[in-house]
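There are 2 protein chains.
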Amino acid sequence: MAGPLSPDFGRPLVDLPPLSLDRTAPRPLAVQLADALRAATADGTLRAGDRLPSTRALATTLGVSRTVTSAAYDQLLAEGWAQGRRGSGTYVVGAPAGPRAVPRAAAALAPRPERTFVDLTAGTPCVAALDRAAWRRAWRAAADPAPDIGPDFVGLDAFRGVVVEHLLRHRGLPADPADVLATGGSTAAIGELARTLPAGARVAVEEPGYQRAVDALRDAGLDVTSVPVDAAGLVVDALPSGLAAVYCTPAHQYPTGSRLSAARRVALVERARAEGFLVLEDDYDGELRYDVAPLPLLAALGPDVVVHFGTASKLLTPTLGAGWLVAPPAVREAVLAARQRGGGRPARAGQRVFAAFGAHGDLARHLRRLRRELAGRRAAVVAAVRGAGRVVEGDAAGAHVVVPLPDAATERAVVASAAARDVRLDGLARHYAGAPAAAGIVLGYAGPTGDELERALAVVAEVLTRP
Amino acid sequence: MAGPLSPDFGRPLVDLPPLSLDRTAPRPLAVQLADALRAATADGTLRAGDRLPSTRALATTLGVSRTVTSAAYDQLLAEGWAQGRRGSGTYVVGAPAGPRAVPRAAAALAPRPERTFVDLTAGTPCVAALDRAAWRRAWRAAADPAPDIGPDFVGLDAFRGVVVEHLLRHRGLPADPADVLATGGSTAAIGELARTLPAGARVAVEEPGYQRAVDALRDAGLDVTSVPVDAAGLVVDALPSGLAAVYCTPAHQYPTGSRLSAARRVALVERARAEGFLVLEDDYDGELRYDVAPLPLLAALGPDVVVHFGTASKLLTPTLGAGWLVAPPAVREAVLAARQRGGGRPARAGQRVFAAFGAHGDLARHLRRLRRELAGRRAAVVAAVRGAGRVVEGDAAGAHVVVPLPDAATERAVVASAAARDVRLDGLARHYAGAPAAAGIVLGYAGPTGDELERALAVVAEVLTRP
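Protein chains in written order, with our numbering: chain A, -17 to 449; chain B, -17 to 449.
Some clues are possibly wrong.
Claimed, not checked - If we take Cβ atoms under 10 Å as the criterion, some of the chain B residues that face chain A in the derived model are:
(1) S36
(2) G105
(3) V109
(4) P133
(5) A160
(6) G166
(7) G167
(8) E174
(9) R194
(10) D197
(11) P300
(12) A312
(13) L318
(14) P328
(15) Q333
Please keep in mind that the hints were generated in silico from the structure rather than gathered at the bench.
Remember, it's a predicted structure, so these values are computed and weren't measured experimentally.
Heads up, the beta-carbon is just placed ideally off N, CA and C, and yes, glycines get one too.
Can you build the whole structure from these sequences, using the hints too?
Written out as structure tokens, the structure is:
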């Protein structure tokens, strides 16, 4: 289509590694391209679930004809390396199969099963810990209130009531429903908040950090600057001056797993007050502390300067698309004004289900189950990692650990070896906005079933022992 | 809060009319302010459901102390004219009561009921036509699929399948699930699309038109230009050159109720192709034609240049927060890329319910009921309006009509008289981006129950006869 379209139009949906095709080589370009894409998986640059650019976009990028890219994709689809999902493009399914044992007779006769990965990347909820009877009860109850007629910009009263109860009981934050706005989840809410800041305003983020939030801030036209983290969380002293906001994950830093110390919490809030910036507290994993009592939330220390973000996505499931923010009045007004001026408004269906789930104690029961389950899983992870002669970093909390590795090459080798054995691991490199300052594996243990986790940890122990 | 906040921070959530307070008058400023706000309701500038600015913001705007604005709000709250909803500020509830009959003994003894308005503004769904048993079935079924683990940017397969079936059966649009993206509703989707266009790009909108969409386009940094509509819809010949996109409501123009003629549909698509702009087809009320066969959708005529927007909000209820867009591949890719880079993603809970509602014929049954119900309601509206010696404009379709009035003063008088009798009407003036070129009432008949509508139409007939 001709026309004045955005520069983003048709851009590849994953940043492919540089693919070098040799036009003088005897091998067809399509074969070279398929090989290069397979190799990108082997070294962890491409991972299962990644979305490939369209054949057209890739052809443009590489300066080859679309016949070449289509033929390469067809080959990879036929091999089962990639999968075409109707309506959503072509996805990486698997790394190339490594050498395998001779198939047993039964397996050889059965239709070859689709290759499935056990996903040990961080950021997934523990659906296995969710009581399905309680889940069904909540959906049934969610049908009770009459269908809504008008728009809603703040969120359902029942939802905000349950959020307030949750914040008080599980996060020690006294809030009034009036302080709470429903959101579509943390990242969406951070994007909304970011768009209320003046274009070009300077915002500090953690390095390494949650890159999706960094993208949301950048896409809102903000000037994003990275600040290091250490074992006590964000290095508050390293914050530059002239900031409009600081985005951080104080409860369980993503991805390092450290926790912002009490002294730094106080210092951060004091600086925010003195310098007039907002603190965006992403309460990632906040509910999932199972060793020690939590530290006070930033929002509890500085309700006048802190915007607190929470979500049901990690606690329960992203199905609900329901999150919340707690913010000072002027910030809430600004977000509301943007919503009323044609912006998105939080969807109510998931709010209804969450409110019903919280209304009769199911949410509190779920959290207790979830903490028990994750504490048990973490112990298994720590045992496997230590058995392989490695250490685990990060507080005994949340749903992931970091396993430091000596260098980037080892990180890539471990990711690739695990992928060859159907376990998806996540390298630390991906969580840096700039050049990675450390190497390691970010190992999430919430997503798989208990059995899958057990099998995957055997693989992890081996690949960590002999990357 | 000090700090580099957006100029939008704390702006009033409705644009209040100019309120002139006289500091030399003997009446206290708070009393004057309360009077001025009541008067703004009487003339229709403020309407039931409007959100008032915070006492702080209003004090700043008017240059008075917050004591003044708080006292005025307290008075209006005590009168029941405004209502404070926890967490969402202060709302206009009613116009001042007009002269009333002496209360009957029973009513005098009973606690005074909260004043309620019958809302005859356009744009609300007909929840009265929704089969609650089918609604409950859908929510129960929505609990069946396992809770989701990962993110989803395109929308659930089951949802897109039902959308495709709906588009084919009820809108004559053959689409593949691959062409469809789930959205959070039409306005949210228009905002998403707008943000993929280059900042400053020129976009044409209908005048009068749907101001929430206009706001969404403007807020995305686009240069919005108005183009007139007539009895055959958008005047395509009046489109300027150099456009990036044209936003329109061809099925049932909002608010005039006209329909884009077949010749103009073809002309619009041809110009889009020749000049390289996108057509944003908001299929407002598209399903609700009950007189003649629908004209082909713009998306059917020009799938290469048209982005089609639909929503469950008007068809069923905004509770679901579920809509869809059908777009050429490059446009879908651009929206997906923005979603993946930290943008919002469509919430799945409402998609599940919609998919379940559509899976076993409940959606088709609902549409048949809805058309019957609305056709009956429209007949009652037309009879009431004609009985008052007025005419009705707009096709026999959708869920609203336009009643032309001679001038803006009559429009305001009709709105105010109706408000004094607990009926909320909507003047045409509000639907213009610029100076209104016509006066009238935009009368929606979907929202109330049948009984409420009947009572309200008696009021409408009277206020139209003697404004």
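Right, here's what the structure says about each hint:
1. S36: Where the cut-off is 10 Å and the nearest Cβ of chain A is about 6 Å from B/S36, the hint holds.
2. G105: This hint holds: B/G105 lies near chain A, its Cβ roughly 9 Å from the closest one there, short of 10 Å.
3. V109: Nearest chain A Cβ about 5 Å off; hint holds.
4. P133: Hint on B/P133: holds, closest Cβ of chain A at ~6 Å, below 10 Å.
5. A160: 4 Å, holds
6. G166: 5 Å, holds
7. G167: Constraint on B/G167 satisfied, holds at 8 Å.
8. E174: Since the shortest Cβ distance to chain A is 8 Å, the answer is holds.
9. R194: The hint holds - B/R194 has a Cβ within 10 Å of chain A, the shortest such distance being about 5 Å.
10. D197: 4 Å, holds
11. P300: 5 Å, holds
12. A312: 5 Å, holds
13. L318: Cβ of B/L318 sits 7 Å from chain A, so the hint holds.
14. P328: For B/P328, the interface hint holds, since the closest Cβ of chain A sits about 8 Å away, which is under 10 Å.
15. Q333: At 8 Å from the nearest chain A Cβ, B/Q333 passes the 10 Å test, so the hint holds.
In this structure, every one of the numbered hints holds.
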